[in-house]
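Number of protein chains: 4
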Amino acid sequence: MRIGVLTSGGDCPGLNAVIRSVVHRAVVDHGDEVIGFHDGWKGLLEGDYRKLDLDSVAGILARGGTMLGSSRVQPASLRDGVERARGHVADLGLDAVIPIGGEGTLKAANLLAQAGLPIVGVPKTIDNDIASTDVTFGFDTAVTVATEALDRLKTTAESHQRVMVVEVMGRHTGWIALHSGMAAGAHAIVVPERPFDIDELTAIVGERFSAGKRFAIVVVAEGAKPRPGSMELEEGGKDIYGHERFVGIGNRLAVELEERLGKEARPVILGHVQRGGTPTAYDRVLATRFGWHAVEAAHRGEFGMLTALRGTDIVMVPLAEAVQTLKTVPAERYAEAQNVL
Amino acid sequence: MRIGVLTSGGDCPGLNAVIRSVVHRAVVDHGDEVIGFHDGWKGLLEGDYRKLDLDSVAGILARGGTMLGSSRVQPASLRDGVERARGHVADLGLDAVIPIGGEGTLKAANLLAQAGLPIVGVPKTIDNDIASTDVTFGFDTAVTVATEALDRLKTTAESHQRVMVVEVMGRHTGWIALHSGMAAGAHAIVVPERPFDIDELTAIVGERFSAGKRFAIVVVAEGAKPRPGSMELEEGGKDIYGHERFVGIGNRLAVELEERLGKEARPVILGHVQRGGTPTAYDRVLATRFGWHAVEAAHRGEFGMLTALRGTDIVMVPLAEAVQTLKTVPAERYAEAQNVL
Amino acid sequence: MRIGVLTSGGDCPGLNAVIRSVVHRAVVDHGDEVIGFHDGWKGLLEGDYRKLDLDSVAGILARGGTMLGSSRVQPASLRDGVERARGHVADLGLDAVIPIGGEGTLKAANLLAQAGLPIVGVPKTIDNDIASTDVTFGFDTAVTVATEALDRLKTTAESHQRVMVVEVMGRHTGWIALHSGMAAGAHAIVVPERPFDIDELTAIVGERFSAGKRFAIVVVAEGAKPRPGSMELEEGGKDIYGHERFVGIGNRLAVELEERLGKEARPVILGHVQRGGTPTAYDRVLATRFGWHAVEAAHRGEFGMLTALRGTDIVMVPLAEAVQTLKTVPAERYAEAQNVL
Amino acid sequence: MRIGVLTSGGDCPGLNAVIRSVVHRAVVDHGDEVIGFHDGWKGLLEGDYRKLDLDSVAGILARGGTMLGSSRVQPASLRDGVERARGHVADLGLDAVIPIGGEGTLKAANLLAQAGLPIVGVPKTIDNDIASTDVTFGFDTAVTVATEALDRLKTTAESHQRVMVVEVMGRHTGWIALHSGMAAGAHAIVVPERPFDIDELTAIVGERFSAGKRFAIVVVAEGAKPRPGSMELEEGGKDIYGHERFVGIGNRLAVELEERLGKEARPVILGHVQRGGTPTAYDRVLATRFGWHAVEAAHRGEFGMLTALRGTDIVMVPLAEAVQTLKTVPAERYAEAQNVL
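Note that the protein sequences, when read in sequence, are chains Y, B, A and E.
Start counting the first sequence at 1; every next residue gets the next number (UniProt numbering).
Start counting the second sequence at 1; every next residue gets the next number (UniProt numbering).
Start counting the third sequence at 1; every next residue gets the next number (UniProt numbering).
Start counting the fourth sequence at 1; every next residue gets the next number (UniProt numbering).
Since the hints were derived computationally from the structure, they do not count as laboratory data.
Possibly wrong hints are sitting among the right ones.
Note that identical chains are pooled: a pair holds if it fits in a single copy or bridges any two copies.
As the list claims (entries may be wrong) - In the EDC-like style, the derived pairs of lysine to aspartate or glutamate whose C-alpha atoms are separated by at most 20 Å in a straight line are:
{"id": "1", "residue 1": "Lys213", "residue 2": "Asp53"}
{"id": "2", "residue 1": "Lys225", "residue 2": "Glu200"}
{"id": "3", "residue 1": "Lys263", "residue 2": "Asp313"}
{"id": "4", "residue 1": "Lys213", "residue 2": "Asp48"}
{"id": "5", "residue 1": "Lys213", "residue 2": "Asp55"}
{"id": "6", "residue 1": "Lys213", "residue 2": "Asp29"}
{"id": "7", "residue 1": "Lys213", "residue 2": "Glu259"}
Excised from the complex, chain Y in its bound form (with noise of 0.2 Å):
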């Protein structure tokens, strides 16, 4: 058998990981041939490739990052360029193609199967918002990156005083917040499935002090959002140089609380560091094992699947099931973090 193997979208610890996998599986147990394309979907539609042998992934397994690159998927451009795909997939003469990447990758993959192409999807994302899957590796680390920092930010905040507002990852979902946020014990979390009332939340924060707290630390997803009415955030949402990105909530945020408990508060707005590095120990184990299962996927011929994580075992779920809806916090689970204070 011939594997085409690809790697698209934001930055993923467990990429290398997968990778790897699918190699050692393919390679070693089923003597099959894997090549690689270059930097996403963009690889494919170019028809730019390496061949991967045991040796060019050895040491990938802890090492963040993607060694065969990665670029965002833009859905029209695929939606054109099925055929240029469907000519390098005969060319090479591939019988599968496993695409690893999230939810606009998962996308674009269903596109490509519905047009008959031989695919099995590795899901990834370090926000961990995909539905058909328990857990996506990435997201382990992520929180786990946020949660140290989380730690180191405590004790900073007691011996000064203040609030610490902490802006962790999550456009569309507040896992990473919800879990870094357990872990650590922080005292507010906001998510985005949630919009936040900013006089509650003043309040939240405020009753801590008035209990004789020195500190408080509030987490908040970067995708968070204000209750109508609550605050104003249309006005001025981007910086000095008209880029929205660099004045987020968090910053916001600890503005806002600054001014309203006449506390010191900082924001601390983590960033990429939480979707590089060398992924966790789970992390490696859920992508290794998502490799693995894709190769054997590919060789029961179940194209049009997804691997995904049930309970503790992999399972192939159909592509096009998988990228209907974003997997967000259950209220029950926000519930569980609420017994903070």
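Assemble the complex: chain Y is given as a structure, and chains B, A and E must be docked to it using the hints.
Using the frame of chain Y, we list chains B, A and E on its own:
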């Protein structure tokens, strides 16, 4: 409601997180009172306890060990102590007792539950061998510590062209060996579930050197045993002082592989570092959720049950069912770790 | 002997280790009494303190922050408060006062020493800018945290073909930038001691891409400034809320480099994580030694002095000398970091 | 200029950082050519080497081990090989040879230097026992690894009311034991420089329990020896297979303390994890500076010298002087660690 909590058995990262979560949920949200028994079942049998309020659990979330102390359970003494336990529960006006512990503790908990005491168990073991839950807290920390050690040993092994034989915990099951071995890319993983053949193991490692590789990493669970007739361990199972525990399987395998392969082999026995210290973010979240749901179960009157993780949900499982079998590494999970050469 | 200790100024990993060491050495070895003033000089001026015995410092060695609290020193208020401080020292029967702090604190300490109070200073700053000591504790932890972040960011930058601009602490000196940049192999390091030319910086980074590299890491100290005429920072130095602190040099450099190079650039502002949390082993040892020697100096009656590391020895240096100049990065140290492309 | 580099002796975090720094400084800044000999002196004696350019050292800064391989030096074979070494140096047109190694390597380097070869040595040892430099790279990493383990073991020891006896590296000197013991707050530190009296050690640990403490941590260097007459180690110094190395002082002390104190005692032998894996930021900076200055010394024609850290400066020291004495833990440094109970 009045709740008693205790921790019993071997140390496990996350115990404090459970205690804290029980206190937070019970005291803040339900207005309950919580007491903690000292040193496991001993505290219950002797009525030795302290009151636990929010202040007493401040700062313990990320701390290893258990603020309540622990001791190994002796089922016999507990059996004789049922009436004493009942007496203390009555005298202290307890509506629920939450023991946090491993297999032995849960068997004892089941005994008390069957005698009519209001027990809600929380499973705990770094070995991950409790069948009724997908994972136990402590396991992720143990795997993380072992993986970090394996990562370090790889570069040393490579520089010196050595075989490193790394003994990890796991007396009856090979979960830590399996996961840390997969996470670190070990070249052979030896687990109790599958008695090893020393010739076969030598061949696997030797093949790697034949293929031009400069080193090999072997992970072995402390409970691993040779296939009958494969290697003599019977005699000499003790060290010079007659203490069995200090000359384990790791040391013996290193000696054996060195002699058979003619390559330097070095044993590393990770030991107790695997069960101490700060829990990982994963374990803190799981432990916090277990504590939260144990309190909920108590309030719903669901006694004789155990908190368990199933997929992403925490569910309640009968104690009687939980203690029947050990969760061992199944053949198909072991197979996933075989594409490592 | 009766000794008072206080911590003042910005948070710094190792403060607790000094406090613990003072107490251990003084109480156990000399039979002294030790008290700790709350919240820095404020505690001394207001006579707000607690007794410190062995139990009160148990478990704090590895904890970040300061168990005594801290506050920024206001030299003016302290000048007015000399007599009040003298009064409290007399009333409390103190034979020595050990303030642990940075530049501001040591200036204040010098003031009090010159007024005749029995002061033994312990230098503290993550910035490493105190001239009279080879190193200050806290610095190694800050560099370690920054390096770990840089390690993580490298893989992400590479996967996405980006420039990462990482802002680290250092308002007046570039020590953290220099060391973390060298440790992580940054491709450009921008320090306050050497105002940067934006054209030159762009050229350095651009050259890397021209040479076929896929990414670049730029480390910039928060206090870095452009060479006059090189880049406009005068206007717009504040964010939309008028808060200078949230739109720093890191964000601006990222914007500038992205525009000039036509490559994606992303800023990461590490912020307060650099000064919080568990100190490194190096910092714990240095802090412990400082505390030990401060007590010895007090017993020898060496007042108006400061503990300092010189090579591997702890020596005592006059406070008056210690506060005269800032230790900046010399040209030859900066040159050592230039072979990085 | 043409420079040869080699790494010899036991593994040590930072070796790759030196190699990279030599290549960067020599190739980029001086336009030199650099070759790397394989497997230490062996490569020089056999003329086995590879060319090292910027690409060949990409990504190795943070990696443990040595990309060139290492082997233990046999002084005798080297003595016989002086002429062969001289021949290869001449044939390869080398203007300088930079061996990176520990005591044995530096003795060998001195031998070659005295025979007229253009040698610039770089000291390397995790044990920190080279007298002519304040610190060697690798030491900080070893101390960090040991301290992290000790931090973890403390909570476990406390939960179980145990004595933990932790054996760290240090065959001839106790630097790792001293620093990790101080950093982690060990209750007794046993070093080779000061033969221990088992009665005294038992008394120290016992006193702690008498004072109501629940646990104790003893750090012991692998080379620690009992005071003559204090404890019998003569007989039984080997394990059941006749291998001395697997039943070390840590195991024996645990057995002895358990019997004498009537408290559970557990040995943990940290072993090779102390010398493998990613170097700390401190070690990467020191290693990078050593490499840089070795190249500079070569260009200045300063042969027969060794790079050394003195305070914050890198200086050159005669090899002949460097290998005369071992740097042992002085009594006053040991005294600083005694205020720990």
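- Message: When Cα atoms must be at most 20 Å apart, do Lys213 and Asp53 count as within-copy, between-copy, both, or neither?
- Response: Result: close only across copies, 15 Å inter versus 57 Å intra.
- Query: Under a CA distance limit of 20 Å, which applies to Lys213 and Asp29: within one copy, between copies, both, or neither?
  - Reply: between (59 Å within a copy, 19 Å between copies)
- Query: How would you label the pair Lys225, Glu200 (within, between, both, or neither) given a Cα cut-off of 20 Å?
  - Reply: within (14 Å within a copy, 40 Å between copies)
- Measure nothing new, just compare the shortest in-copy and cross-copy C-alpha distances for Lys263 and Asp313 to 20 Å and report within, between, both or neither. neither (48 Å within a copy, 38 Å between copies)
- Could you figure out if Lys213 and Glu259 sit no more than 20 Å apart (CA to CA) within one copy, between two copies, both or neither? within (19 Å within a copy, 46 Å between copies)
- Check Lys213 against Asp48 for me: Cα-Cα at most 20 Å, and say if that holds within a copy, between copies, both or neither. between (58 Å within a copy, 18 Å between copies)
- Message: At most 20 Å between CA atoms: does that hold for Lys213 and Asp55 within a copy, between copies, both, or neither?
- Response: Intra 56 Å, inter 10 Å, cutoff 20 Å: inter-copy only.
Comparing the model with each earlier hint shows a violation of hint 3 alone; every other hint is respected.
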